[in-house]
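Taken in order, these protein sequences are the chains called A, B and C. Heads up: the first sequence begins at 488 in my numbering, then just goes up one per residue. Heads up: the second sequence begins at -11 in my numbering, then just goes up one per residue. Heads up: the third sequence begins at 132 in my numbering, then just goes up one per residue.
Hints were generated in silico from the structure; no laboratory data involved. Check each hint, because a few of them may be wrong.
If you want the ones that stay clear, here's a sample from chain C, every Cβ over 10 Å from chain A, calculated [claimed, not checked]:
no.: 1; residue: PRO231
no.: 2; residue: GLY238
no.: 3; residue: ILE284
no.: 4; residue: GLU351
no.: 5; residue: TYR353
no.: 6; residue: GLN358
no.: 7; residue: THR370
no.: 8; residue: TYR371
Derived list of chain A stretches under chain C, where covered just means 3 residues or more per stretch with a C-beta under 8 Å from a C-beta of chain C [as the list claims (entries may be wrong)]:
no.: 9; region: 628 to 634
no.: 10; region: 639 to 647
no.: 11; region: 739 to 749
A virtual CB, placed ideally from N, CA and C, is assigned to each residue, including glycine.
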Amino acid sequence: MSADPAADSAVGRADSRALDRATHRAASAAAGPAAGSSLADAGAQSSSPVLDIRDLSIVYRTPAGDVRAVDHVNLALGAGEVVGLAGESGSGKSTLAYGATRLLRAPALVTNGSVIYRGRRVSRPADVLKMRPDELRRLRWREIAIVFQSAMNALNPVLNVRNQLLDAIHAHLKMPRDEARERAASLLDLVGIPRSRLRSYPHELSGGMRQRVMIAMALSADPEIIIMDEPTTALDVVVQRDILAQIVELKDQLGFSILFITHDLSLLLELADRIAVMYAGQFVEIATSDEVHRESAHPYTKGLLNSFPSLRGPRRELVGIPGSPPDLGHPPPGCPFVPRCGYARPGCEDVDMRLLPVATSRDPDHVTACPFVLPDTPAPPAPPVTSGSPAGELGT
Amino acid sequence: MTVAPVISTELSAVNTEAARPGWWRRMPTKAKAGVVLFGVFVLTAIIGPLVTPYDPSYENPSPGASMNAPSGAHLLGTTQSGQDVLSQLLVGIRLTLELGIIVGLVATALAVIVGVTAAFLGGFWDELLSLVTNVFLVIPALPLLIVLLGYFPNRGEAPTIVVLALLGWPWGARVIRAQTLAIRNRDFVAASRETGETNVRIIAFEIVPNEVSLIAASFVNTVLYAIGASVALAFIGVADLNSWSLGTMLYWAQSQQALQLGAWWWFVPPGLAVALMGTALVLLNTGIDELGNPRLRDASSASRIAGRWLKPADPTPVLSEISLRRTGFAGFLHSFSRSSLLDNAEAGEGR
Amino acid sequence: MSFIIRRLVFYVVAAWVALTINFIIPRLVPGNAVESIMSKFPNLQPAAYRAIEAMLGVGHPGSIWHQYWAYLVDVAHLNFGTSSSEYPAQVSTLLAEALPWTIVLVGTATVIAFLVGTALGIVAGWRHGGGLDRVLPGLMFLQAIPYFFFALILLELFAVKLHVFPLGQGYGEGLIPGWHWDFISSAVYHSLLPALTIVLTSIAGWMLQMRNVMITTIGEDYVVAAQAKGLANRRVVFTYAARNAILPQLQGFGLAIGFVVSGALVMEIVFSYPGIGLLLVNAVTSNDYALTQGIFLVITFTVLLANLIVDFIIVFVDPRARAREATR
Chain A
488 MSADPAADSA VGRADSRALD RATHRAASAA AGPAAGSSLA DAGAQSSSPV
538 LDIRDLSIVY RTPAGDVRAV DHVNLALGAG EVVGLAGESG SGKSTLAYGA
588 TRLLRAPALV TNGSVIYRGR RVSRPADVLK MRPDELRRLR WREIAIVFQS
638 AMNALNPVLN VRNQLLDAIH AHLKMPRDEA RERAASLLDL VGIPRSRLRS
688 YPHELSGGMR QRVMIAMALS ADPEIIIMDE PTTALDVVVQ RDILAQIVEL
738 KDQLGFSILF ITHDLSLLLE LADRIAVMYA GQFVEIATSD EVHRESAHPY
788 TKGLLNSFPS LRGPRRELVG IPGSPPDLGH PPPGCPFVPR CGYARPGCED
838 VDMRLLPVAT SRDPDHVTAC PFVLPDTPAP PAPPVTSGSP AGELGT
Chain B
-11 MTVAPVISTE LSAVNTEAAR PGWWRRMPTK AKAGVVLFGV FVLTAIIGPL
39 VTPYDPSYEN PSPGASMNAP SGAHLLGTTQ SGQDVLSQLL VGIRLTLELG
89 IIVGLVATAL AVIVGVTAAF LGGFWDELLS LVTNVFLVIP ALPLLIVLLG
139 YFPNRGEAPT IVVLALLGWP WGARVIRAQT LAIRNRDFVA ASRETGETNV
189 RIIAFEIVPN EVSLIAASFV NTVLYAIGAS VALAFIGVAD LNSWSLGTML
239 YWAQSQQALQ LGAWWWFVPP GLAVALMGTA LVLLNTGIDE LGNPRLRDAS
289 SASRIAGRWL KPADPTPVLS EISLRRTGFA GFLHSFSRSS LLDNAEAGEG
339 R
Chain C
132 MSFIIRRLVF YVVAAWVALT INFIIPRLVP GNAVESIMSK FPNLQPAAYR
182 AIEAMLGVGH PGSIWHQYWA YLVDVAHLNF GTSSSEYPAQ VSTLLAEALP
232 WTIVLVGTAT VIAFLVGTAL GIVAGWRHGG GLDRVLPGLM FLQAIPYFFF
282 ALILLELFAV KLHVFPLGQG YGEGLIPGWH WDFISSAVYH SLLPALTIVL
332 TSIAGWMLQM RNVMITTIGE DYVVAAQAKG LANRRVVFTY AARNAILPQL
382 QGFGLAIGFV VSGALVMEIV FSYPGIGLLL VNAVTSNDYA LTQGIFLVIT
432 FTVLLANLIV DFIIVFVDPR ARAREATR
């Protein structure tokens, strides 16, 4: 927990990032992202991922046709690991996360793939997509919990905090009432909320407090994985820092994995062990956060990194990524990023978006979808002005 | 009518759906049925009075012509005084529909003016207008209508229209005010204000166009209310009993003991006409509702995937599972398959 | 608490508006109101004329404010004047006789219809897209039927053709009202068909409305979150979805009370049921202004009271209402 928010912001983002990383590394001791914290390795837990998403495709079936929100993606989440899922709005990151837990509503439809779960409590790996409703109910929250984006909307307006916590507890853990109540209270302690708030209703809490309640609720059944969907987007920077620090601390303490979804890549550079960058329903780059920060490979990632200013260093012109994402109902052939890519060239429409290893990277698992651009490829002179025409026009 | 008209309480999304081409095709079946049904009545209203087989007021004095069941000469039978029911019905449909639509137009116009003004001006004026709106909403309409109309020397069409319109605007005003408040705080309105557009222009070009579906729904509801109220008033006897509206037909049928004498052909047709007109309007409203509230629409059109009905809160469907058709007996058996959480991950390993 | 107080003030204002309208309207009629009435009824006794004059405030000394004040005092004492059609009966007496019939019939039937309709609506909303949806167009038709017309149909079917139910009236011929079994059973028997009418027509409306609200509510984030928490379906449906959806439904009920009461009144005419409705139509046909106005006031006050009760229930169910300023 940061003791002095004011001091932190004065120091500046770059410095505090280094600070955090040092403490982070020190706390998690062992090497690499795949090893859990000290609580892991109860069973024969090698480096098999806790959540293994293979070749997953999700569409929205509309009368006008299928919209391909997620297109044959692969992602593995290790025990105790923090994987960041980055991308702009509409990239499919939320669809991926909610679809993998089967929380999407019609007209969403999973058309392909598997989502294998290998938690410590289950005897055999299980495919979430094949589960019966009662199995799903046991999977949810106890194994995979979710912290939603807008706590105000995700909390039941007519129930008080204690009842909502108890709901989650009673649904998954068998314990007598008073024990459950004590657990609910201690969960609030864990996130730093006074116990008196147990009787409060959601509308009586501040934004930061509500988000902490969401986190407490996510922890209530002691899950293996927590999916966090832009948990701090709606909060101001100071509260954001507090909550993120708290999340890291809890993760180190309790040993769960985190799938952190956000559009804010800078956040992930601090927080995540690995980062998966998503565009138009597909992954374009996956690497450790160190590597992404040092030498990203995909043009889109480079563009994202250039889009936010740093507090230190020379002033430079803000470079965004002109244009807009393609129409997922009629995806263009090849790489979907072409219309907005400064490195675009004739071969791009034939790219099959397979993720290829980056040879020059320090991360052995660093992959990218762009076969032409390497981390050290020089930047193009200026971003292309795509004459205001929306993407999806090229080649179609 | 019977219950306060059904309308979704969800503020409609900003949309100009109806302007896009293909809106007829994309309209849900219910709404199409409503449009067609309503169209039938409008058509009847227009040409009906011109094709009546008899003069509706013509009383046939001969005793044998009274209270006849439907026959070749009188397709819907005759009344107590030998009048032709069909002719009365045709004229009645026009009168009732005419009255309903006029009241609908006037009351909706009032509702828009009051609602938008209240939301836009805010502060004291908003409080005042809201108070007036709510007071007239909560005071029961029919008794008040009776009191108001009761003192008019003649209870003909004009006073009825005036009085119905006077009591018909509050409902729409309330809904429109709520929507305008929501829109007013949106960024694009603030942007217009920044660029210096006058309030009137903002209202006319930014706000109202975004409320079209809401105003249309309000209009339909008001017509519904007007028809129901006018029929009820006439049935009680608070109307010009010499004109032939559907309500007065019912009044005469009731007062001449049509029920006890078994003359169903006298009161069933006008009542049925009222009910069908009402149904058409409610269907229309559902269509407008679904147009403006995507959730209602998406849910209805998309809850069928790969041939299976899915409840909205079901887990995300998986294509391969659906085609496996784990329903019925197969599903029952499947529920016993040996696993606590688990199904064989055959697909998982070898990829 | 402040919510209830604000609502109370509002209802008092509404009642006052109703009273004032009642007071002003007869005095706005062009020409001498008394004379116009007398011309319609040349055969009334002189005492009746005096009653009408008293009601209309003709011949009273004092300014209009005096009359207004006297009028308000009268109403406070439940003195609504003398009926001209049932002279010399007092309006308040006639009201007191008719009101219980209406309240018991309409009140019970409406509450039953609301509860059953809402329950069906919860199911229909939760199972949206399934079998229950096929009934929808039929329900819409049912909802659009005027109460009194449906009453006519039911009467024709069950009373005239099938002789299952009585043809009307509140109780059997020759029975004397009182708290004994004969009378009560007869009264209940006679109220079945009217109650059935109300329940059948209005249930559709409540069901449709609740269904729509449920569908919208199910799309809310907290319902998705509840499912993500792995809660049992029953809990999600009732404690998360329905408990929130019931709030706009209750508000709709409050708004609809006026409509329901109006519709039921007209329906009473068909059954010759000895309630306020029948009293009203008699008053209207005989131009008994005192009675008409008295009925209007009583109906209005009843509806306002019912609205207040609904507001109480809403405050009880919704924690936010207790906190926020009611900006209805």
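Hint by hint, here is what the structure shows:
{"no.": "1", "hint": "PRO231", "result": "holds, 36 Å"}
{"no.": "2", "hint": "GLY238", "result": "holds, 27 Å"}
{"no.": "3", "hint": "ILE284", "result": "holds, 39 Å"}
{"no.": "4", "hint": "GLU351", "result": "violated, 7 Å"}
{"no.": "5", "hint": "TYR353", "result": "violated, 5 Å"}
{"no.": "6", "hint": "GLN358", "result": "violated, 6 Å"}
{"no.": "7", "hint": "THR370", "result": "violated, 7 Å"}
{"no.": "8", "hint": "TYR371", "result": "violated, 5 Å"}
{"no.": "9", "hint": "628 to 634", "result": "holds (count 4)"}
{"no.": "10", "hint": "639 to 647", "result": "holds (count 8)"}
{"no.": "11", "hint": "739 to 749", "result": "violated (count 0)"}
Hint violations for this structure: numbers 4, 5, 6, 7, 8 and 11, all remaining hints satisfied.
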